[in-house]
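Number of protein chains: 2
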Amino acid sequence: MNHPRVEVFDTTLRDGAQREGITYSVADKLAVARLLDQVGVSYIEGGWPGALPKDTEFFARARTELQLQHAVLVAFGATRKAGVRVEDDAQVRALLDSQAPVVCLVAKSDPRHVRDALRTTPEENRAMVADTVAFLVGHGRRVFVDCEHFFDGYAADPDHGVAVLQAAFDAGAEVGVLCDTNGGMLPSGISRVVTEVRGRVTGQLGIHCQDDTGCAVANSLAAVEAGVTQVQGTANGYGERAGNANTFTLIGNLVTKMGLPVVPAECLPELSRVSHAIAELANLTPDDHQPFVGASAFAHKAGLHASAIKVSPELYNHLDPAVVGNDMRILVTEMAGRASVELKGRELGVDLTGQGDAVGRVVAAVKEREARGWSYEAADASFELLLRGELPGAPAPLFELESWRTTVEHRTDGAVVSEAVVKVGLPDGDGGTERVVAVGEGNGPVNALDNALRAALVTRWPQLADVALSDYKVRILGWTGGTSATTRVLVDTTDKAGEWTTVGVHENVVEASWLALVDALTYAVVSR
Amino acid sequence: MNHPRVEVFDTTLRDGAQREGITYSVADKLAVARLLDQVGVSYIEGGWPGALPKDTEFFARARTELQLQHAVLVAFGATRKAGVRVEDDAQVRALLDSQAPVVCLVAKSDPRHVRDALRTTPEENRAMVADTVAFLVGHGRRVFVDCEHFFDGYAADPDHGVAVLQAAFDAGAEVGVLCDTNGGMLPSGISRVVTEVRGRVTGQLGIHCQDDTGCAVANSLAAVEAGVTQVQGTANGYGERAGNANTFTLIGNLVTKMGLPVVPAECLPELSRVSHAIAELANLTPDDHQPFVGASAFAHKAGLHASAIKVSPELYNHLDPAVVGNDMRILVTEMAGRASVELKGRELGVDLTGQGDAVGRVVAAVKEREARGWSYEAADASFELLLRGELPGAPAPLFELESWRTTVEHRTDGAVVSEAVVKVGLPDGDGGTERVVAVGEGNGPVNALDNALRAALVTRWPQLADVALSDYKVRILGWTGGTSATTRVLVDTTDKAGEWTTVGVHENVVEASWLALVDALTYAVVSR
Numbered sequence: 001m002n003h004p005r006v007e008v009f010d011t012t013l014r015d016g017a018q019r020e021g022i023t024y025s026v027a028d029k030l031a032v033a034r035l036l037d038q039v040g041v042s043y044i045e046g047g048w049p050g051a052l053p054k055d056t057e058f059f060a061r062a063r064t065e066l067q068l069q070h071a072v073l074v075a076f077g078a079t080r081k082a083g084v085r086v087e088d089d090a091q092v093r094a095l096l097d098s099q100a101p102v103v104c105l106v107a108k109s110d111p112r113h114v115r116d117a118l119r120t121t122p123e124e125n126r127a128m129v130a131d132t133v134a135f136l137v138g139h140g141r142r143v144f145v146d147c148e149h150f151f152d153g154y155a156a157d158p159d160h161g162v163a164v165l166q167a168a169f170d171a172g173a174e175v176g177v178l179c180d181t182n183g184g185m186l187p188s189g190i191s192r193v194v195t196e197v198r199g200r201v202t203g204q205l206g207i208h209c210q211d212d213t214g215c216a217v218a219n220s221l222a223a224v225e226a227g228v229t230q231v232q233g234t235a236n237g238y239g240e241r242a243g244n245a246n247t248f249t250l251i252g253n254l255v256t257k258m259g260l261p262v263v264p265a266e267c268l269p270e271l272s273r274v275s276h277a278i279a280e281l282a283n284l285t286p287d288d289h290q291p292f293v294g295a296s297a298f299a300h301k302a303g304l305h306a307s308a309i310k311v312s313p314e315l316y317n318h319l320d321p322a323v324v325g326n327d328m329r330i331l332v333t334e335m336a337g338r339a340s341v342e343l344k345g346r347e348l349g350v351d352l353t354g355q356g357d358a359v360g361r362v363v364a365a366v367k368e369r370e371a372r373g374w375s376y377e378a379a380d381a382s383f384e385l386l387l388r389g390e391l392p393g394a395p396a397p398l399f400e401l402e403s404w405r406t407t408v409e410h411r412t413d414g415a416v417v418s419e420a421v422v423k424v425g426l427p428d429g430d431g432g433t434e435r436v437v438a439v440g441e442g443n444g445p446v447n448a449l450d451n452a453l454r455a456a457l458v459t460r461w462p463q464l465a466d467v468a469l470s471d472y473k474v475r476i477l478g479w480t481g482g483t484s485a486t487t488r489v490l491v492d493t494t495d496k497a498g499e500w501t502t503v504g505v506h507e508n509v510v511e512a513s514w515l516a517l518v519d520a521l522t523y524a525v526v527s528r
Numbered sequence: 001m002n003h004p005r006v007e008v009f010d011t012t013l014r015d016g017a018q019r020e021g022i023t024y025s026v027a028d029k030l031a032v033a034r035l036l037d038q039v040g041v042s043y044i045e046g047g048w049p050g051a052l053p054k055d056t057e058f059f060a061r062a063r064t065e066l067q068l069q070h071a072v073l074v075a076f077g078a079t080r081k082a083g084v085r086v087e088d089d090a091q092v093r094a095l096l097d098s099q100a101p102v103v104c105l106v107a108k109s110d111p112r113h114v115r116d117a118l119r120t121t122p123e124e125n126r127a128m129v130a131d132t133v134a135f136l137v138g139h140g141r142r143v144f145v146d147c148e149h150f151f152d153g154y155a156a157d158p159d160h161g162v163a164v165l166q167a168a169f170d171a172g173a174e175v176g177v178l179c180d181t182n183g184g185m186l187p188s189g190i191s192r193v194v195t196e197v198r199g200r201v202t203g204q205l206g207i208h209c210q211d212d213t214g215c216a217v218a219n220s221l222a223a224v225e226a227g228v229t230q231v232q233g234t235a236n237g238y239g240e241r242a243g244n245a246n247t248f249t250l251i252g253n254l255v256t257k258m259g260l261p262v263v264p265a266e267c268l269p270e271l272s273r274v275s276h277a278i279a280e281l282a283n284l285t286p287d288d289h290q291p292f293v294g295a296s297a298f299a300h301k302a303g304l305h306a307s308a309i310k311v312s313p314e315l316y317n318h319l320d321p322a323v324v325g326n327d328m329r330i331l332v333t334e335m336a337g338r339a340s341v342e343l344k345g346r347e348l349g350v351d352l353t354g355q356g357d358a359v360g361r362v363v364a365a366v367k368e369r370e371a372r373g374w375s376y377e378a379a380d381a382s383f384e385l386l387l388r389g390e391l392p393g394a395p396a397p398l399f400e401l402e403s404w405r406t407t408v409e410h411r412t413d414g415a416v417v418s419e420a421v422v423k424v425g426l427p428d429g430d431g432g433t434e435r436v437v438a439v440g441e442g443n444g445p446v447n448a449l450d451n452a453l454r455a456a457l458v459t460r461w462p463q464l465a466d467v468a469l470s471d472y473k474v475r476i477l478g479w480t481g482g483t484s485a486t487t488r489v490l491v492d493t494t495d496k497a498g499e500w501t502t503v504g505v506h507e508n509v510v511e512a513s514w515l516a517l518v519d520a521l522t523y524a525v526v527s528r
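Note that the protein sequences, when read in sequence, are chains Y and Z.
Taking full-length UniProt numbering, the leading residue of the first sequence gets 1, the next gets one more, and so forth.
Taking full-length UniProt numbering, the leading residue of the second sequence gets 1, the next gets one more, and so forth.
Don't take each hint at face value.
When chains are identical, the list treats them as one kind, so a pair holds in a single copy or across two.
[As the list claims (entries may be wrong)] In silico DSSO-like links for lysine-lysine, alpha-carbon gap of 27 Å or less: (1) K54 <-> K81; (2) K81 <-> K367; (3) K257 <-> K367; (4) K423 <-> K81.
Just so you know, these hints were derived from the structure itself, not from any lab.
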């Protein structure tokens, strides 16, 4: 393929903010813009100044607070109202006032929307587009035009949208963006329409896809293959309904699969970090299974592959994960052999050189434990403790357990109360032991035990004050056989710097939880 | 397009189980298979009998416990080992023993994998395929062959994989499935290779795509457009790394966008419910933004379009959401409209004729409770109790609760002991109340409570002696807001005749479990 330069237009801060549950502050928006710039997108659409006060403020602050290296800032807006002179339209004036060098105007391109939503004529609609484009271009702005509902409109009347597009180009628009606003298209349909439209207008075309058929990325790529040169997407695919084409998946595919250098080479390894950071700013859990950048995107569970992966990783990955700043994670499972343990050790930064015997003991321990229901694939912290326990300089246990007891009561007055008492011996530094008895309350037996154990340990290890249980999963493993069910507990724990996962297995669910808790706090002390 | 019949092959229970964090019990697998059958897929791949003991048990139990209406059960397996006679290969024998009518064999079709992973020759590899297919066909099985790493192999050597495919067809295989095992393909590449391969072999082709480029669905559809007639996917796209092609998105697109009736018409509206129920069984949060079936898939953020949507919803949706059992502007809470409740009532054998008011109260109660974290999608028994509670002849509560207390101790001798005391009032038959105090032991606080409550009730209802808790799932629902997390517990309970699921929600995990237990035992008394 001999393509003209293809550019990525990111609309995380405008269309992506339509996703249910996302509410950015202006500071968030500035931070997201900086991150998007770090992955090297060409355009960052920041919002709709004039329509949304927060977006007006964003553009005002961006002038002094945002130094972009790669991207150009874009203001989104509408064409002038029907029957109003463009220079009298306050919304259009606000686009100028934003001082964004590029304006992206939305234009109705489905005749049914012109009639039913805009309640005007196709002629006035085209005049609104032409007037607004010409006015902004006359004031020195570059103008792109989003042709909303283009594909549905094209199916209803192939001439209407093309006429809108041509009106925009004639008035000086630089790019006409074909939008699958309702997201119902498939790649073959996109390909056909783009090819037809390219034959009917002169001007640079863009593509904007929603993911309602699960094909937003593929639709965008089909449009690029058919000749569009601007691709719109959002970080992590955030957007209304099923979301938008995912900017990071687009970049991954355009660069590594289609050979189109849409971002500077040095930016590509920022992809994974930026994806996770934007998820944090949006206050959403990162999708571990997101292509290219997800924590599991290069994780291998099937044990039958682990030894072969060590020899030839390229046979089992579609891409070297380092290219997009990701990492190959090996899941330690019951089928794991020495190769998996060695790879995992390398990933955790544990030097296993000359530790063949220790590796053998870890493999044996993992097999023996997983046969009894333990699972280390999600519990990296427990695995690291197991591994360190077999190596020279293994950390000593934090305490000797004497006993614990936890109680939950539903009292006659309806109150539900949980309490726990923990009795442990702590090393006193002189080779002796100091006996500590501590009590905790909580919203369940495990939460109470966690609070009691931390109360017992926190005077010795003050960092445990910042440690908190953040998630808790229980599985009954009926199928492991024996007379009574085994229970597996996974505990997620956080401190200020991050999160780790530990595992415990026992017939008794609270003892299983206790084992996971002890690993969680031990990890906080020895490995954080 | 004039297509031969296209069939959907679901591998949720085999390849989908490779997703990190998924561990199904055999009962879960049977439940997932029943749900997949309800959406009308043609094939359900249940697992790898012989290799995984749980899968061997699944196929054994499926023979008596699984009555499929639409789907045919498929056993996955490998070809015979290199240098071993097929009739001497225990793994191949286990495939016969599973009694699955269809076997799907995996065959290496990338020459580099044959050399580096299998460590044999292309000739022996083809012989392994041919011998195993012929052996299984000779024993009356239908055989499909998954050509692993087909597309990467095709890029390296276009003849190798085609020869494997032809060997399979020559030996009697019914379908040769082209697998993008590493998931690195884009639709145009899939289209080209499928077209070329179709010109070189005679036989029915299938497609299996992984989502590492975010194009698994589009890749699968491109293959169908190029002539394959079997499409593999997994529920909600669960699978290794970025996951597999999503069975539900595939069905939505094949039926509503491409006009291919891959599932019976009456099954399509089951799509959303089944998607959510399988997420519950996998103990994963349903993806609200999943195309077609997500709770937000047809949700429109307030503002902009609201009034126009009311007038012409078809202008703002790519599809009428009811077609796939979804709803416009739904939250999960709103999935239970009157129609769903009536439908569900009919399914449960509850006559709702003339019960419009009661149905309205149930809809309101479900909405109110689901807003607080309850979920009835997987908890049919709790839903039935809620429904019966609003109808004439509503069953009285089994008992009045005075109080309960449950204790778990890790004693100084290392023994872990759980006990519970339950104090209830039972109706004495003369309008009075008999006070009963009962104690139970168990392998955890909930098991002890279950035993204590059954001890309190079993003299009045002897059938409770045969009732046992069989599975238990806990989910922390941090997102319901407030100062402390809410916990949802799902309890599976069995008696001699079958299994039912109940739900409880509370800040305290043991109180949530108690609520689910009370529903479980009440259901055993009033509905079994």
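Results for each hint:
1. K54 <-> K81: Close inside one copy (22 Å), not across copies (65 Å); limit 27 Å.
2. K81 <-> K367: between (56 Å within a copy, 24 Å between copies)
3. K257 <-> K367: Cα proximity of K257 and K367: none, with 32 Å in one copy and 46 Å across.
4. K423 <-> K81: So K423 and K81 fail the 27 Å test inside a copy (62 Å) and across (56 Å) alike.
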